[in-house]
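Engineer: So the sequence lines, in the order shown, correspond to chains A and B.
Quick note: the first sequence uses the working numbering, first residue 1, plus one each step.
Quick note: the second sequence uses the working numbering, first residue 1, plus one each step.
Treat the hints loosely; a few may be bogus.
Put simply, identical chains are the same to the list, so a pair is met inside one copy or across any two.
Within a straight-line C-alpha distance of at most 27 Å, the following computed DSS-like cross-link-like pairs (lysine-lysine) qualify [stated by the list, open to error]:
hint : residue 1 : residue 2
1    : Lys-80    : Lys-60
2    : Lys-146   : Lys-60
3    : Lys-80    : Lys-32
4    : Lys-60    : Lys-155
5    : Lys-155   : Lys-32
6    : Lys-193   : Lys-60
7    : Lys-32    : Lys-146
8    : Lys-136   : Lys-32
9    : Lys-193   : Lys-146
10   : Lys-60    : Lys-32
11   : Lys-136   : Lys-146
Derived from the structure by calculation, the hints contain no laboratory data.
2 protein chains.
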Amino acid sequence: MAEKTKPSRRQRERQRHRSEIVDAAMRLFAEKGFHNVSMQEIAVEAEFATGTIYNFFDSKETLYREIMDEVADNVLSLVKPILEGETDEREKIAGFIRASIRIFQENSAAIRLFLRANQGPLAHVSTAHFSGTAAKVHDILQAMLKQVFAAGVRKGLFRPIDPCVVAPALDAALRAIVFSAAEDVQDSALEEKVAGIEELFFRGILHDAWNLAACVKAASDREES
Amino acid sequence: MAEKTKPSRRQRERQRHRSEIVDAAMRLFAEKGFHNVSMQEIAVEAEFATGTIYNFFDSKETLYREIMDEVADNVLSLVKPILEGETDEREKIAGFIRASIRIFQENSAAIRLFLRANQGPLAHVSTAHFSGTAAKVHDILQAMLKQVFAAGVRKGLFRPIDPCVVAPALDAALRAIVFSAAEDVQDSALEEKVAGIEELFFRGILHDAWNLAACVKAASDREES
DNA sequence: CGTCAATATGAATGGTTAGTCATATGGCGA
DNA sequence: TCGCCATATGACTAACCATTCATATTGACG
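Required output: the full structure, derived from the provided sequences and hints.
Structural biologist: Right under this line is the structure:
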């Protein structure tokens, strides 16, 4: 199927140019958002002419999508082995949390794209706030997490939590921490913070068993007044 | 200071028109994002002429900002009494979680704005991903949450968690759940899901005390291979 | 009514930018 | 060395859209 035998001179050059464009575009999109970057800017940043970009990508939107997809695939390939290994569900979750540090640190520019993704050319109210493959990848990740949680519950490792609650919660909480750290200059505390998330998720915030039901009731009573 | 005595006919009309424009703009911005909505569209949606909008707002950006600010203030005013009451820190957190349902449900369109906020005319890498007052409000909310957590830890109600980790984590997790529910048609499960978050945060996912440290070590060993 | 001030109107303006295309370039085989 | 083809170029076009402003409408008040 795939021709492995022909990375001719021309072809390799072309591929290099392509990736230079992608790099430049990624930097700019990540920094300023889709609508605030013109093809001119991208061209200048990549040291090509405007028209050249259109030899590689049909439209600005296509370029954007391809970048998103690339990043998404990359992230997924890093996370997948962790969540699908043969280990204990508890270790999978812990491993996922710890891996997030590296993944998000290494792709921090790329990930910013996802933060800024909401603005994209997609005006729709898609399930996630991403577009195209990126949305699928997000869904896949969520699905994997849910499965791990479900398995953990089945085996009695976790309390009978709802995977559809915990999976997005973990994902969102992690993102919040990692991104806020990525934006500050001093990301020194990142490791500790992620460890904090880990503990939070595994053990909760309470010191001892506390009568949750009573509190909830009190709160809703107060609400009605 | 504030003249309470003069909502004359003219003035009241003007105010009504203004809020009709705000409503229309909010609907559109929430649905399609700042850049994908033209002043024309807003004018049509609000049943005014383009120029009329400029009698109320200096620019598109001003309009956007004012909407954001309005929503932010509204949300803050709902949350503040819960977090600053005289109750137990545990109840404050529980109350905050439960209140989020109502708040986000009632302003679901408005809140979508915050989701889409990243795109705004602000290209900067601001601390939060919001602009202007909205950013401040977000910070204020976070600060209040942190204080509650810190107080809870001090009183021994919570384990020695880091407020700077837990506050954003709770916020992000809640948002993730509420928004995903808001986007699905069947939000029937929302109450249960939020209750799930509550339990998750208070008690964690583990059934029993489990040797977290060992797991962490195993995971990082594996990482190095 | 008639007048005036406040407000609404929407066609016109100017600036921006995605995307095109006729032309130039340069590597490569003959 | 020559000519060819893949690729690069960047001035140009067409569309879009925020904003303006000369004009029309409204409704309050004498």
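Engineer: Could you run down the list of hints and mark each one as holding or not?
Structural biologist: For each hint, the structure was consulted:
1. Lys-80 / Lys-60: Neither way: Lys-80 and Lys-60 sit 30 Å apart in one copy and 44 Å across, limit 27 Å.
2. Lys-146 / Lys-60: Answer is neither: 35 Å inside a copy and 42 Å across each miss the 27 Å cutoff.
3. Lys-80 / Lys-32: Neither: 30 Å inside a chain and 33 Å across chains, both beyond 27 Å.
4. Lys-60 / Lys-155: neither (48 Å within a copy, 55 Å between copies)
5. Lys-155 / Lys-32: neither (46 Å within a copy, 44 Å between copies)
6. Lys-193 / Lys-60: neither (37 Å within a copy, 39 Å between copies)
7. Lys-32 / Lys-146: So Lys-32 and Lys-146 fail the 27 Å test inside a copy (33 Å) and across (30 Å) alike.
8. Lys-136 / Lys-32: both (24 Å within a copy, 21 Å between copies)
9. Lys-193 / Lys-146: Cα proximity of Lys-193 and Lys-146: in one copy and across copies (23 Å, 14 Å).
10. Lys-60 / Lys-32: Intra 15 Å, inter 18 Å, cutoff 27 Å: intra and inter.
11. Lys-136 / Lys-146: Classified as within; 15 Å inside a copy, 34 Å across copies.
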